[in-house]
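K.L.:
These protein sequence lines are chains A and B, in that order.
Residues in the first sequence are numbered from 1 upward in steps of one, following this note's numbering.
Residues in the second sequence are numbered from 1001 upward in steps of one, following this note's numbering.
Derived by calculation from the structure, the hints in this document are not laboratory data.
Keep in mind it's a predicted model, so treat the numbers as computed, not measured.
Glycine included, each C-beta is placed from N, C-alpha and C at the ideal position.
Any given hint could turn out to be false.
Calculated cross-link-like contacts (lysine to aspartate or glutamate; reagent style EDC-like; alpha-carbon spacing at most 16 Å) [stated by the list, open to error]:
#: 1; chain 1: A; residue 1: Lys103; chain 2: A; residue 2: Glu87
#: 2; chain 1: A; residue 1: Lys69; chain 2: A; residue 2: Glu40
#: 3; chain 1: B; residue 1: Lys1069; chain 2: B; residue 2: Glu1040
#: 4; chain 1: A; residue 1: Lys103; chain 2: B; residue 2: Glu1040
#: 5; chain 1: B; residue 1: Lys1103; chain 2: A; residue 2: Glu33
#: 6; chain 1: B; residue 1: Lys1043; chain 2: B; residue 2: Glu1029
Facing chain A, a subset of chain B residues (Cβ under 7 Å, in silico) [unchecked claim]:
#: 7; residue: Leu1019
#: 8; residue: Val1052
#: 9; residue: Arg1099
#: 10; residue: Tyr1107
There are 2 protein chains.
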Amino acid sequence: MLNNVLDPELNLDRVFHALADPGRRRMLERLSEGPASVSELGKPLDMSLAAVLQHVQILEGSGLVQSRKLGRTRTCSLNAPTLRSAERWISERRTFVERRLDKLGEYLASTTEDQEENP
Amino acid sequence: MLNNVLDPELNLDRVFHALADPGRRRMLERLSEGPASVSELGKPLDMSLAAVLQHVQILEGSGLVQSRKLGRTRTCSLNAPTLRSAERWISERRTFVERRLDKLGEYLASTTEDQEENP
């Protein structure tokens, strides 16, 4: 995961790619309630264990999930800071647009007032 | 875009897929500052107009961007509500995890206090 730390851009590619699959989003929803084993993650999804493992690997590669093997069970947990970095990228863009639209609204309101005062 | 409205899950697939590319994120960053033509969007990116158009199509398909053709110029703008729906999905998961960790912290703190009181 060293690459992710060194290159936040590459990491965002991986995070958003990981989020683009409905099965992986279900897994993250499950993990937001608490850690779970790989087989627990797969249970509600109609897919083979091999497919589940592949999804888990993509989630781990993005840094959204971390896992630990204890005996024969691999337990996964959600990594909130990675989630936060993706959220921040989106919210910064959104705030930017909304602020711009607010200013535009104020400007339009002020010109309308001007017109009403000096028709 | 009717499909997107009818199936928010499919839409999240498309939105996160659209966000997973660094070139498309650059375009969205540019659009957060205000509307831009397709060629303006492509300028800072080292790619052909055909490639830029393909990216714009993916952005439009996700609902993140909308465009209007006026004469020979297609002008794109960012669609804040779609950005917000992606942000909401992430922030809901993040809030869930953080609340759970807070509760765990409180629980651990209370058991430590108990131990200190009754060593």
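K.L.:
Work down the list of hints and note, for each, if the structure agrees.
P.N.:
So, going through the hints one by one against the coordinates:
Of the pairs offered as hints, the one joining A:Lys103 and A:Glu87 is violated, with about 24 Å between alpha carbons and a cut-off of 16 Å exceeded. At roughly 14 Å between alpha-carbon atoms, A:Lys69 and A:Glu40 fall within 16 Å of each other, so this suggested pair holds. The suggested pairing of B:Lys1069 with B:Glu1040 holds, with an alpha-carbon distance near 14 Å, which does not exceed 16 Å. Taking the CA atoms of A:Lys103 and B:Glu1040, the gap is about 23 Å. The hint is violated against a cut of 16 Å.
Between B:Lys1103 and A:Glu33, the direct Cα distance comes to roughly 12 Å. Compliance with the 16 Å bound is thereby established for this hinted pair. Restraint check for B:Lys1043 and B:Glu1029: satisfied, since their Cα atoms lie roughly 13 Å apart, inside the 16 Å limit. Because the smallest distance between the Cβ of B:Leu1019 and any Cβ of chain A comes to about 4 Å, under 7 Å, the interface hint for this residue holds. The criterion of a C-beta within 7 Å of any C-beta in chain A is not met by B:Val1052, whose closest approach is roughly 18 Å, and the hint is violated.
A cut of 7 Å between beta carbons decides the hint on B:Arg1099: the least distance to chain A is about 9 Å, and the hint is violated. For the restraint placing B:Tyr1107 at the interface with chain A, the shortest Cβ-Cβ distance is roughly 13 Å, beyond the 7 Å limit, so the hint is violated.
Going through the hint list in order, the structure does not satisfy hints 1, 4, 8, 9 and 10.
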